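Asks: What follows is each chain in one-letter form.
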Amino acid sequence: MRLIEALEVVSETHPGMLRAHNEDSVAVEPACGLVVLADGMGGYNAGEVASGIAVTVMISEIVPALADATPIQRDEETGEELAVVSLGAAIRKANASIFNAARSQSQYAGMGTTIVSALFYDNRVVVGHVGDSRAYRLRGERLELLTRDHSLLQEQIDSGMISVENARHSKNKNLVTRAVGIDGEVLPELHVHDVLVGDIYLLCSDGLNDMVEDGDIESALYGLQGNLPMAAEQLIQCANDNGGRDNVSVILVKIKHEYAQPRSWPVRLLDWFKK
Amino acid sequence: MTAKLILSLDGVVVQECPLIKERVTIGRKAHNDIVINNLAVSGVHAAVVTILNDSFLEDLDSTNGLSVNGEVTKKHFLQNNDVIEIGKYKLKYLNDQVSQTSASDFEKTMMMHAPAIPVQSAAEKSGDTGHYRALQGAAIEESGGDTRLGYDRVAKTGPNPVVPPPLSPAQPASRAAAVQILNGPNAGKELELVKSLTTLGKPGVQVAVLTRRPLGYFITHVEGAIFPSVNGQALGEQPHQLNDHDVIELAGVKMEFYFKD
Numbered sequence: 001m002r003l004i005e006a007l008e009v010v011s012e013t014h015p016g017m018l019r020a021h022n023e024d025s026v027a028v029e030p031a032c033g034l035v036v037l038a039d040g041m042g043g044y045n046a047g048e049v050a051s052g053i054a055v056t057v058m059i060s061e062i063v064p065a066l067a068d069a070t071p072i073q074r075d076e077e078t079g080e081e082l083a084v085v086s087l088g089a090a091i092r093k094a095n096a097s098i099f100n101a102a103r104s105q106s107q108y109a110g111m112g113t114t115i116v117s118a119l120f121y122d123n124r125v126v127v128g129h130v131g132d133s134r135a136y137r138l139r140g141e142r143l144e145l146l147t148r149d150h151s152l153l154q155e156q157i158d159s160g161m162i163s164v165e166n167a168r169h170s171k172n173k174n175l176v177t178r179a180v181g182i183d184g185e186v187l188p189e190l191h192v193h194d195v196l197v198g199d200i201y202l203l204c205s206d207g208l209n210d211m212v213e214d215g216d217i218e219s220a221l222y223g224l225q226g227n228l229p230m231a232a233e234q235l236i237q238c239a240n241d242n243g244g245r246d247n248v249s250v251i252l253v254k255i256k257h258e259y260a261q262p263r264s265w266p267v268r269l270l271d272w273f274k275k
Numbered sequence: 001m002t003a004k005l006i007l008s009l010d011g012v013v014v015q016e017c018p019l020i021k022e023r024v025t026i027g028r029k030a031h032n033d034i035v036i037n038n039l040a041v042s043g044v045h046a047a048v049v050t051i052l053n054d055s056f057l058e059d060l061d062s063t064n065g066l067s068v069n070g071e072v073t074k075k076h077f078l079q080n081n082d083v084i085e086i087g088k089y090k091l092k093y094l095n096d097q098v099s100q101t102s103a104s105d106f107e108k109t110m111m112m113h114a115p116a117i118p119v120q121s122a123a124e125k126s127g128d129t130g131h132y133r134a135l136q137g138a139a140i141e142e143s144g145g146d147t148r149l150g151y152d153r154v155a156k157t158g159p160n161p162v163v164p165p166p167l168s169p170a171q172p173a174s175r176a177a178a179v180q181i182l183n184g185p186n187a188g189k190e191l192e193l194v195k196s197l198t199t200l201g202k203p204g205v206q207v208a209v210l211t212r213r214p215l216g217y218f219i220t221h222v223e224g225a226i227f228p229s230v231n232g233q234a235l236g237e238q239p240h241q242l243n244d245h246d247v248i249e250l251a252g253v254k255m256e257f258y259f260k261d
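Protein chains in written order, with this note's numbering: chain A, 1 to 275; chain B, 1 to 261.
FYI, nobody ran anything at the bench for these hints, they're computed from the structure. Hints may contain errors.
As the list claims (entries may be wrong) - Computed beta-carbon distance windows for the label pairs: (1) B:S174 / A:S264: 55 to 63 Å; (2) A:L270 / B:A251: 48 to 56 Å; (3) B:F227 / A:R142: 42 to 50 Å.
As the list claims (entries may be wrong) - Listed below are the simulated BS3-like cross-link pairs for lysine-lysine, each with C-alpha atoms no more than 25 Å apart in a straight line: (4) B:K29 / A:K171; (5) A:K254 / B:K202; (6) A:K171 / B:K74; (7) B:K4 / B:K29.
A quick note: this is a predicted structure, and the numbers were derived from the prediction, not measured. Virtual Cβ for every residue (Gly too), placed ideally from N, Cα, C.
Just chain B, same shape as in the assembly (with noise of 0.2 Å):
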């Protein structure tokens, strides 16, 4: 199903809007795709740019703004359920794309045969939308179509680039734990078990991790002579489920692993 806007006043649903095109503006001009007839909404008030599963809000410089859930904002990146508002119109942006798409498709990579963005549009990153119409035409196919359109551009970028952050992985579903020092300076502190790893002791020298899994905690040596001992039991080189209240022992500090709740 393709994302569509939802317009309504007052609750009451006026007018609903399939985003099939590339760029669908509001405005209260007749030429717009969703027309406001409305003194507060500007002549060309806003655009919904569409980029294959993606949709971009842009206030086109309209006399009284609009926001997005609550908040007054001029360039959005649109969200599943998100509300615009202009004036005392509501448009619902709805795209349960991902719920039709099953896990795996989704991640399938495929190749691109696109005009990609031109080089100006880098430095044209303000509020213009010339940016956008670039992507015009821009379109997944399976075979054929010129894919050397946006090589030389992507090539002269240097090496350095944004990266992006990753998907928000789901954590491992294991309770909260954490780990005590019971002995040494700095007996009493207590470490919790955040991270999906923690080490223990200084890399290069006499490593042991902590990691957390869906399973549960486990210890594993990693480097150095010693090997740390589990309630009394040196650990050999497999990885070692701890239990509530197992003490460990490593290069002589002892620390007590258990549950937080």
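Isolated chain A (complex conformation) (with noise of 0.2 Å):
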């Protein structure tokens, strides 16, 4: 099954209610089975340029990287599939354009941006984060978190010094130990999962999971994921209800079809004796 007809794609980003400025970016390559989400940071509207250039680049590396080779294929240094190395190496992309950027024109200096991204390919996913963007998977009834935040909150869950009820009275909430942009070189944050069929996965930014409790997204999503539009609005109304003091994005892939990758029999022999 090609990409194309077994992904459902769906993509909704809004300023939210407090702020004018939108500095989130989302695009969608379904196709290619590539998402990105990025929510910028700096002052005037440096944010959006930053999240901009991230999405822009993203895309741009990755779909011609896909077009002349098979996800899959292996990378002779490596020895990672091709999806997993030309994302990471996309986001590494991204950060070199988005720092020469900020370097040399004054307006855009510091800015940064997080980026969440996901491919995917034969039966799989890969997920790539920088920062504090989300992605999470709705399985059967359960929503769980693929990423762990890159922030300071998080560090201090990690350690021990603040409980997981405590931290959502930190005022610390907001500090991200690593961006897109901010420095001459990104580690981002690589996992692959396995993917069933039925599966939904929703990227956001902060302004939905800061807003909205994951018991209110797991319902959203369980309760309208036969109408997958309508999962996004909902989403994005429930965080501007409750306030919406962030821009809102939102991304939802529904899996409705396995999507293996065609081998043919003398690559799989191939492939099981390079294992």
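Put the two chains together into one complex, using the hints given.
Replies: Here is the structure:
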């Protein structure tokens, strides 16, 4: 099954109730199985510029990389699959582009962005992220968080300094410890997950998960799984009804069919030997 | 304004101590930041560690212990107006940081250039204070600084983190309401509409949702061949606002919507 038939993809972004600017950017390329969401930061319109560069670079790097190779092909140096390698490389490329733009134009100094991205291939998905934008998965009736925020609060939770229950009272919520475009180099976090038919993947900016509790996200995705555009609209509406203090963006990907990468038998045999 | 501790005895203020240092110690000995010269107080009794806008209180294995708001504790994440008791002395914690910052500033994501907590800190979760010190020098900077310090460690951690619960959002300010089933085997059953979204029907087959919003309650058709009706009128694709005592019919099941107060 081709990706475009196997996946249903919906995206939506909203400035929220208090902000004049929308510093979030989203881009989807269903034919490649690629979705990207970025939450920019920086003064004036620098946040929009940074997140805009991030999604544009990601799409323009990955689409051609997958056009002349299969995503399961292994990289000769690292032994990693092309899907994983190219997602990581695209995030690094986005980092370099934003970093250089910020250095060359003073009004963009210090701009940066988070990125959360997913590339669906061969009945799997590789999720790559930097910062506090998240990827969730609804499987059956349960919502699971697939990413770990690169934030001060998450580090405090990990070190046992602050309990999960207390974290909601923290005044240090919006400090990210990693971002794209701030430094000359960035280390994206990449993980591959198996995919099942019926799964719904949610990528979102913190404007959603700061305003809407995980339980409400879960019930909205579960109840509205038959109508993905409505589910996206409901999540944004819910964030805005609760105050909408930040820009809010969501990308939803529903797995409708399997999408194994076609392999000819000599390739399979070769793969088997390489293991 | 920075957070501060106000030391008092029998309702009389003794000392006011702004929490400008990362670590402020409280005890009987003279080298403490807050000295309480009383035999019930240990030499170095407790410490308050402040990281940006958050302060944490820790009992340093004192002989007589301490309590916060009447509860004995070893470690506590201080909230505005908390009262720490050490013997007969009281220390009130004041931090009105949130009201000082506008909501939109507060939500703004910022990059933190920090020597992040080192790997071993996760292991020494217990009472030990070592991991607090690791954050010394943590600061927000506009530019510059080395962001790579913390990278390696975070990259090694697994993909299944503890989920920090979101800020408890203000509930939509709509009145309490419920639906009661009028026919069929479940007749008489009442379903209170407490969540922002209540699903009627079976996902994948036939679904309508009731959404609770600041302006009121709405019913929307989600999926399935049959559209619900309200007071005998079939619904379209758009959400429909519900009025008191409206009768909803979905796939043969009738239910009445009403406000609870």
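Asks: Now look at each hint and say whether the structure bears it out.
Replies: Against the structure, the hints:
1. B:S174 / A:S264: 55 to 63 Å: At 59 Å between Cβs, range holds.
2. A:L270 / B:A251: 48 to 56 Å: holds, 54 Å
3. B:F227 / A:R142: 42 to 50 Å: This hint is violated: roughly 30 Å between Cβ atoms.
4. B:K29 / A:K171: Answer violated: K29 (chain B) to K171 (chain A) is near 32 Å, above 25 Å.
5. A:K254 / B:K202: Distance of about 18 Å is within 25 Å: holds.
6. A:K171 / B:K74: Holds, at roughly 22 Å.
7. B:K4 / B:K29: Holds. K4 (chain B) to K29 (chain B) sits at ~21 Å (cutoff 25 Å).
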